[in-house]
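Sequences listed follow chains A and B, in order. Sequential numbering of the first sequence, starting at 14, is according to my numbering. Sequential numbering of the second sequence, starting at 12, is according to my numbering.
If you're looking for bench data, these hints aren't it; they were derived computationally from the structure. These numbers were taken from a predicted model, which means no experiment stands behind them.
Distance condition first, Cα-Cα at most 27 Å in a straight line; then the derived DSSO-like pairs of lysine-lysine:
| hint | chain 1 | residue 1 | chain 2 | residue 2 |
| --- | --- | --- | --- | --- |
| 1 | A | Lys131 | A | Lys115 |
| 2 | B | Lys203 | B | Lys220 |
| 3 | A | Lys247 | B | Lys280 |
| 4 | B | Lys289 | A | Lys247 |
| 5 | A | Lys131 | A | Lys95 |
| 6 | B | Lys220 | B | Lys257 |
| 7 | B | Lys257 | B | Lys102 |
| 8 | A | Lys172 | A | Lys235 |
| 9 | B | Lys220 | A | Lys247 |
| 10 | A | Lys131 | A | Lys354 |
| 11 | B | Lys257 | A | Lys247 |
| 12 | A | Lys172 | B | Lys220 |
| 13 | A | Lys354 | A | Lys387 |
| 14 | A | Lys331 | A | Lys387 |
| 15 | B | Lys85 | B | Lys196 |
Among chain A residues calculated to face chain B with C-beta under 7 Å, some are:
| hint | residue |
| --- | --- |
| 16 | Pro52 |
| 17 | Gly53 |
| 18 | Asn76 |
| 19 | Trp249 |
| 20 | Val272 |
| 21 | Arg298 |
| 22 | His302 |
| 23 | Val321 |
| 24 | Ser370 |
| 25 | Ala371 |
Built from N, CA and C at the ideal position, the CB exists for glycine as well.
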Amino acid sequence: MGRWLIFFTFFAIGASLAQEAPRTPSSSLADVKALLPTPGVIHVLVDDVTGDGQSDLVFTSHNNNQILIYRNNTLRRFENAKPYDIAGFHPNDTILLPGNPKRYLINAEGDGALKVVKAESEGGLSLVSERPQPAPRSSTPFFWPGWNLSLAIAPYFGKTLTLLRSFNPENGEAQEVYSLAVGNEPKQVRLADLNNDGIEELVLAARLTNEVWVIDYPGADKAPVPRRLWSFDKGWPRHVLPFDIDHNGTIDLLVPMAVQQDIAVLLNDGKGVFSEGRSISYPGRSGIHVMTAGQDQDGTRYLLAGGVYSLVLYREAKDKPASFETVQLPLASWPNWLELKDIDGDGWLDAVAAMQSAVSSFIIYGPLWDNFSKLAVDKNAQQ
Amino acid sequence: MVHEFKKIGVAAAVAGALAASGAAQALTLGEPGGALLVPHVVYDSAAQFNTMVGVTTGDFVPSGQYGTVSGEGKGCEGGLKQLHWYFFSQKSVHLADGTIKVSCNDFARLDWGYIITNPNRPFPSLNGVTGYLVISSNDTRTDNTPSNYTLYGSSYLIQGNWASEAFIPVLPLRDSVDSSVDEVKYAGNIPKQVNPLSAGMPLAGQANKAARFSLRYFLGDAGLEGSTRWVLWFPDNSGDTHGNGKINRAAVPVDIYDADEVAISTTVKLPDELNVIKASEVDGTVNDPTAHAITEITGMTPAKNTGFALFQLADTSNTATGSQYSRAGVAFSLVGIGGANATQVQTDLAHERGIISAP
Numbered sequence: 014m015g016r017w018l019i020f021f022t023f024f025a026i027g028a029s030l031a032q033e034a035p036r037t038p039s040s041s042l043a044d045v046k047a048l049l050p051t052p053g054v055i056h057v058l059v060d061d062v063t064g065d066g067q068s069d070l071v072f073t074s075h076n077n078n079q080i081l082i083y084r085n086n087t088l089r090r091f092e093n094a095k096p097y098d099i100a101g102f103h104p105n106d107t108i109l110l111p112g113n114p115k116r117y118l119i120n121a122e123g124d125g126a127l128k129v130v131k132a133e134s135e136g137g138l139s140l141v142s143e144r145p146q147p148a149p150r151s152s153t154p155f156f157w158p159g160w161n162l163s164l165a166i167a168p169y170f171g172k173t174l175t176l177l178r179s180f181n182p183e184n185g186e187a188q189e190v191y192s193l194a195v196g197n198e199p200k201q202v203r204l205a206d207l208n209n210d211g212i213e214e215l216v217l218a219a220r221l222t223n224e225v226w227v228i229d230y231p232g233a234d235k236a237p238v239p240r241r242l243w244s245f246d247k248g249w250p251r252h253v254l255p256f257d258i259d260h261n262g263t264i265d266l267l268v269p270m271a272v273q274q275d276i277a278v279l280l281n282d283g284k285g286v287f288s289e290g291r292s293i294s295y296p297g298r299s300g301i302h303v304m305t306a307g308q309d310q311d312g313t314r315y316l317l318a319g320g321v322y323s324l325v326l327y328r329e330a331k332d333k334p335a336s337f338e339t340v341q342l343p344l345a346s347w348p349n350w351l352e353l354k355d356i357d358g359d360g361w362l363d364a365v366a367a368m369q370s371a372v373s374s375f376i377i378y379g380p381l382w383d384n385f386s387k388l389a390v391d392k393n394a395q396q
Numbered sequence: 012m013v014h015e016f017k018k019i020g021v022a023a024a025v026a027g028a029l030a031a032s033g034a035a036q037a038l039t040l041g042e043p044g045g046a047l048l049v050p051h052v053v054y055d056s057a058a059q060f061n062t063m064v065g066v067t068t069g070d071f072v073p074s075g076q077y078g079t080v081s082g083e084g085k086g087c088e089g090g091l092k093q094l095h096w097y098f099f100s101q102k103s104v105h106l107a108d109g110t111i112k113v114s115c116n117d118f119a120r121l122d123w124g125y126i127i128t129n130p131n132r133p134f135p136s137l138n139g140v141t142g143y144l145v146i147s148s149n150d151t152r153t154d155n156t157p158s159n160y161t162l163y164g165s166s167y168l169i170q171g172n173w174a175s176e177a178f179i180p181v182l183p184l185r186d187s188v189d190s191s192v193d194e195v196k197y198a199g200n201i202p203k204q205v206n207p208l209s210a211g212m213p214l215a216g217q218a219n220k221a222a223r224f225s226l227r228y229f230l231g232d233a234g235l236e237g238s239t240r241w242v243l244w245f246p247d248n249s250g251d252t253h254g255n256g257k258i259n260r261a262a263v264p265v266d267i268y269d270a271d272e273v274a275i276s277t278t279v280k281l282p283d284e285l286n287v288i289k290a291s292e293v294d295g296t297v298n299d300p301t302a303h304a305i306t307e308i309t310g311m312t313p314a315k316n317t318g319f320a321l322f323q324l325a326d327t328s329n330t331a332t333g334s335q336y337s338r339a340g341v342a343f344s345l346v347g348i349g350g351a352n353a354t355q356v357q358t359d360l361a362h363e364r365g366i367i368s369a370p
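Next comes chain A alone, as it looks inside the complex (with noise of 0.2 Å):
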C-alpha cells in the first residue's frame, strides 16, 4: 500500500508539471529570457542527454526527490519536463563523469550512496552503479598521474572531503579511498593548476572555518595531504572559482563569501604562492550563494553571482582589466546552482539558474550583457 502511494505522488508530481510548459515571460522578450517551471531544484547540469547535438537540461529537485529532463529537441524549444525518481531521498547535484560510454553520477545524499546512471534511447535513466558514500552533496572528476577517472566528493555537512582513486564507474568500485579532514564543511572541489606543474591541483572552500584548502597531487604511490591554502577572518566561503583575474597566466582564486558582500580575491604569483588582492563587492544582499564565471565569443568575461533575491551579472571592462560593472535583477528567491554555457549554440553564453522554491528556473540567453540590461528595466520580465 505504501508503495503505491509513493508511486501515486510522484506521479501526481510529474503529472502536473509534465502539463507546465517552458514559456518566455512577454513576447517582447521571447529572445532573452525562457522560464522553466521547476519543483525547487538544488543543481542544474547541461549536457545533450539525449545526442542529438542540442543542450538539455538535467534539473535536480532535492526538495522532490527526483530528477527533471528539459530536452532540447529544436532551438530554444525545449519538450516539458519529464521527472525520474532514481535519486531518492533528498537528492544533491547531478553531474557528467567524463569518458565513454556517457555516464552520469547523482550524489543521492538520502540513499547515502553515489549512483551512477545513463541516459535510455527511450527517454529515461537506468542504473548502471551504486556505491555507498555517507551524505554526498557534490562530486568533482579529476585525473592525476597513475589516477584514472576520480572523484572528490565533498559532505552535506561535517569536516571530510573524501577521493576515490581510479573510480569505475561500470561497478562503482575504486582503487582506494581517501578520508581527508579539511576544516569544517568542506564544500565542492574546483580543479586549478595552481603551481604551473601541468596536474592540477584540488581547492576547495571550507566554509564554517572560513578557509581554502587545497589538495596537491601526492606522487604515485602516496596519500594526498591537505593543505590550508588561506584563512580569512570571517565570511563563509561558500565557493572557490579558479580564475585569473590579472591576466598574467597564472590562476587565481575568487572566493565569494556567503554572508559578506563580497568576493575575496586570491592572486597567484605563478608558483602557487598567493596573495589577497581588492575584493570585488556584491551589491546584492546578505551574501552569494552561488557563483560561476564564463568568457564568451568576443572575449568578454564574465561573472554570475547569486544570493536571497538577486542575480548580479558582472562583465569586465576591456579597457580595465580586473574592474568590472554589474547589473542586477531582481529574484523571487535566490539561484541554488548557476551555469555559463552556450545552450542554444549561437556562440554567445548563456545563463542558467536553478531555482530555491517553487518559482521557475530560468535560461537567460546571451549576449548577456544586452540582454541583462533589457531585463534590468522590464518588470514584467522579473521574478
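Fit chain B to the given chain A structure using the hints.
Using the frame of chain A, we list chain B on its own:
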C-alpha cells in the same frame, strides 16, 4: 532612579565546573532559584500585549540539591518578607523596580500591565517597552547577604483580548554574596550583572568557541496565517567589553533552513542583551520547498515558509579564557498561528547543539 546598566561576565563555579569538564548543559526550568530572570516582558496597550508573571515562594528544599538555592532556601520563614523586582530595557538600562510582599508557600502575581497602569504609581513611559525582569530578595541588594529563598517563576505573554497565552521561560538564578558563584551582582542596590550560568544555555566561555543552537520559525502561507519572533537574551550588549575583548554581534552569521534541509546563509543583528527579531525580516525565511511535509503521506500540505535558523554564536573576541569568562542566556521562538493577526502565540525553546569550535 535610572542607571546605565552595563554587564560584564559573572563567574560561577557551578557552570565553570561544567565547562571545565566539557559536560553538556541545556536550559534548566522548573528548579528553584534564590532569584529569577524573566527574559521577555512587555505591556503594550495599542498592540494588546501584556505579560503575567507569577512567583511561587516555596518553603525549603534539601540543602545542596539545587545549585541556584542557598542552603535550604528557608528565607521565607518567620512571617512577612519582601522580594524586589527590577525591570530593564533591552539594552539593560534599569527602568523601574518595586517590592512584593510574600511569605512561605505564597504565590504572588505580577500583572505587568497593571503595574504600568496602576493609578497609585503608574509607569506610563513603559507602555510599549519590551524588557526583562529580575526578581530576588529585598535583603540582598547590597550583595552582602544571599537571597535565601526558594523561588519558582511562571510567566506568560498575553496577546489580544486573552486570545493567546504564550509560555515565557523563567530561569532560576543563584543570588549569593558577591563571589564567583553569584549570578546576580549589584551596584547601588540594583543588579548590574545577571548571568544565568546554572540554568541558562551556555555560551562558549572562551575564545574560538561558539554556542550552536537553532530556533524554529513558521511564517504561514495563504492557507494559514503565521508569524514568528525570535527572542534571544544573552549577557552583554554588542560592543561591550568582555575579558580583554569586545562583544561583536553586529552581524551574526546564521543558516536559514527550509523544511527540506536546504539552507541559505545570512546575518542577523543582535545589538542588545535582549533581542526580539521578526523572522519574516530575515532573508531566506520566506521559502517554498514544494515538497511534502511527510513524503509518505500523499496530499499532505507542503511545508512552506517554515524551518529553523541555525546559530553558531561566538561568545566574544576576547582571548582571555577560562571559567571566569563563562556566560549563559536563553533563546526561544514565539510562534503565532491562525487568525487574521496570527495572535495565537506559542513558545518553542531553542534547540541546543552544544559548544563547538568557532566556525
